[in-house]
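Peer 1: Chain by chain, the residues:
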Amino acid sequence: KAGVTQTPRYLIKTRGQQVTLSCSPISGHRSVSWYQQTPGQGLQFLFEYFSETQRNKGNFPGRFSGRQFSNSRSEMNVSTLELGDSALYLCASSPISTGTGLGEAFFGQGTRLTVV
Amino acid sequence: DAKTTQPNSMESNEEEPVHLPCNHSTISGTDYIHWYRQLPSQGPEYVIHGLTSNVNNRMASLAIAEDRKSSTLILHRATLRDAAVYYCIPRTGNQFYFGTGTSLTVIP
Numbered sequence: 001k002a003g004v005t006q007t008p009r010y011l012i013k014t015r016g017q018q019v020t021l022s023c024s025p026i027s028g029h030r031s032v033s034w035y036q037q038t039p040g041q042g043l044q045f046l047f048e049y050f051s052e053t054q055r056n057k058g059n060f061p062g063r064f065s066g067r068q069f070s071n072s073r074s075e076m077n078v079s080t081l082e083l084g085d086s087a088l089y090l091c092a093s094s095p096i097s098t099g100t101g102l103g104e105a106f107f108g109q110g111t112r113l114t115v116v
Numbered sequence: 001d002a003k004t005t006q007p008n009s010m011e012s013n014e015e016e017p018v019h020l021p022c023n024h025s026t027i028s029g030t031d032y033i034h035w036y037r038q039l040p041s042q043g044p045e046y047v048i049h050g051l052t053s054n055v056n057n058r059m060a061s062l063a064i065a066e067d068r069k070s071s072t073l074i075l076h077r078a079t080l081r082d083a084a085v086y087y088c089i090p091r092t093g094n095q096f097y098f099g100t101g102t103s104l105t106v107i108p
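One line per chain: the protein sequences are A and B, in this order.
Just so you know, the numbering used here puts 79 at position 79 of the first sequence, and the rest follows in order with no gaps.
Just so you know, the numbering used here puts 82 at position 82 of the second sequence, and the rest follows in order with no gaps.
A hint or two may mislead.
Unchecked claim - Okay, derived cross-link-like pairs now, SDA-like style, lysine to any residue, Cα gap no bigger than 25 Å in a straight line: (1) A:K57 <-> B:S25; (2) B:K3 <-> A:G42; (3) A:K57 <-> B:G29.
Unchecked claim - Going by beta-carbon spacing under 8 Å, a handful of chain A positions derived as facing chain B: (4) P39; (5) G40; (6) F64; (7) G110.
What the hints contain is simulated information worked out from the structure, not anything from laboratory work.
Heads up, the beta-carbon is just placed ideally off N, CA and C, and yes, glycines get one too.
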């Protein structure tokens, strides 16, 4: 069974640009949640999507947005990038929704975003 | 506003049991306690979760205090592969907090 796939694995962007990250969940999983991991703030919840609907959102500015498609694949977009957005962005999939996408969730290896 | 308190780091000898504690005094009565771990250069990995009574699975055991304000993850025989950062994550309403976790070092 294929795991959670995140693309790209590494990305370098310039301040002010926007970026789109992709996450393909495990087949049959309908919940996809996104997290940001930085050395200073640790792992922080961004949002969760279930059946194409955002179920819960963390405390991030509106520059961070996401969506989920009918095949459960999800994208996360960050507009007007800032240096502080440099982080590892992780996606997790789960067969059910708990509002936060946890329970037994399966994480991808993440996308390392560097903003210069 | 930290929701959990875990030791920053712990050490264990290989093949010995490890008890990883977590305090979550603000947890509400219906919130599950999750434990995840993150190996170097990988995404977090589910370990176990529970509500009130103790839980066991092939990876670990979870002991939950009667008042639910603390829990302990028990690895019965630590292996080198268990070296990771362990996160205790109580779900409090619609928010949760990963915290800084406990970095476990396993000594051969």
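Peer 1: If a hint holds in the structure, say so; if it does not, say that too.
Peer 2: Checked hints:
no. : hint            : verdict
1   : A:K57 <-> B:S25 : holds (24 Å)
2   : B:K3 <-> A:G42  : holds (14 Å)
3   : A:K57 <-> B:G29 : holds (22 Å)
4   : P39             : violated (10 Å)
5   : G40             : violated (10 Å)
6   : F64             : violated (16 Å)
7   : G110            : holds (6 Å)
Taken one by one, the earlier hints fail for this structure at numbers 4, 5, 6, listed in ascending order.
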